[in-house]
Amino acid sequence: MLTYLKGASPVHACDARVKIAALLAYSVGIFLVTSWWVILAFAAVVIAAAAVARIPVGMMNRMLAPVYVLACFSVLFNVLAAPIVDGLAAGLFLAVRMVLLTAASFVVCLTSSSSQLLEAFRWFISPLRHLRVPVDDVAFTLSLALRFIPLVEREYELVRMAQRSRGSDLARSFPKRLRIVGSAFATMFVNLFRRADTMADAMDARCYGVAARTRLPK
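Our numbering applies: residue 1 is where the sequence shown begins, and numbers increase by one.
Derived from the structure by calculation, the hints contain no laboratory data. All values derive from a computational prediction rather than experimental measurement. Every residue, glycine too, gets a C-beta built ideally from N, C-alpha and C. Treat the hints with care, since some could be wrong.
[Unchecked claim] Here are the simulated distance ranges between beta carbons:
1) Met59 / Lys176: 27 to 37 Å
2) Pro10 / Arg166: 40 to 50 Å
3) His130 / Ile180: 30 to 40 Å
4) Trp123 / Leu88: 37 to 47 Å
5) Thr141 / Ala22: 13 to 23 Å
6) Met59 / Met203: 42 to 52 Å
7) Gly182 / Ala13: 21 to 31 Å
8) Val38 / Val18: 20 to 30 Å
9) Gly7 / Trp123: 14 to 24 Å
10) Asp204 / Leu88: 46 to 56 Å
11) Arg194 / Val38: 32 to 42 Å
12) Leu70 / Asp15: 24 to 34 Å
13) Ala82 / Asp15: 37 to 47 Å
14) Lys176 / Pro10: 21 to 31 Å
Given only the sequences and the hints, what does the whole structure look like? Please build it.
Below, the structure is given as structure tokens:
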């Protein structure tokens, strides 16, 4: 699973600090808007950034597959919790927000290396050193959290492949298919927690935190 897509586009060349700041502003802005026209403008920004970065459409769609499922659930829950028309409108609006926000984070992840993200986070929170905050550890944690986002698609695809090999696609009724997708999400989260445990063990084996972190000179 790719977590960094090498390239020479303007998006790749842009400083990681600028991309993270833009992602933060994008995240705040997309939750403040209430108009479909503005949401379409936000969508155009993500599509343009992905196109300039030359991120394959198929790759982006595969990475967004779990988010599409969650978006469908959000629409369903809103329809059940409110009148059909109002619930459908609110659910669709929330679903589009969810997809666009995740797509924007994918653009940042795929066009920034782990070292670039780590240095960007460290720069943003460096003033907290005066308050004796472990800046290096916090920056490392934030970079790992952002890097783990694309892994969701990989884990979901592996679980669905395993289910298909056991004949899950032969299910005809919608409730049964819904249960299959729900079990896929449960297994996916278990696998993600297992990955996190493995990474923690690897960091512990390398004596992370015993000595100060070092950086290669540029």
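*Hint says 37 to 47 Å; check whether the CB-CB distance for Trp123 and Leu88 agrees.*
holds (44 Å)
*So the hint says 46 to 56 Å: do the beta-carbon atoms of Asp204 and Leu88 match that?*
The hinted range 46 to 56 Å holds for Asp204 and Leu88, with Cβ atoms some 49 Å apart.
*asked:* Looking only at beta-carbon atoms, does the pair Met59, Lys176 fall within the given range of 27 to 37 Å?
replied: Taking Cβ atoms as reference, Met59 and Lys176 lie about 30 Å apart, which means the hint holds.
*Per the hint of 40 to 50 Å, is the separation of the Cβ atoms of Pro10 and Arg166 within bounds?*
Holds - the Cβ-Cβ distance for Pro10 and Arg166, about 45 Å, lies within 40 to 50 Å.
*State, for the Cβ atoms of Met59 and Met203, whether the hinted interval 42 to 52 Å holds or is violated.*
violated (29 Å)
*Outcome of range test on Cβ distance (Gly7, Trp123; 14 to 24 Å)*: holds (23 Å)
*Kindly confirm whether 37 to 47 Å is satisfied by the beta carbon distance between Ala82 and Asp15.*
holds (43 Å)
_Holds or violated: the 20 to 30 Å window for the beta-carbon distance between Val38 and Val18?_
holds (22 Å)
*Taking the beta carbons of Thr141 and Ala22, is their distance inside 13 to 23 Å?*
Cβ of Thr141 to Cβ of Ala22: about 21 Å, so the range 13 to 23 Å holds.
*Is the gap between the beta carbons of Lys176 and Pro10 within 21 to 31 Å?*
violated (47 Å)
*Satisfaction of the hinted span 30 to 40 Å by the C-beta atoms belonging to His130 and Ile180*: violated (53 Å)
_Does the beta carbon distance between Gly182 and Ala13 stay inside 21 to 31 Å, or does it fall outside?_
Because 42 Å falls outside the window, the suggested range is violated.
The structure shown violates the earlier hints numbered 3, 6, 7 and 14.
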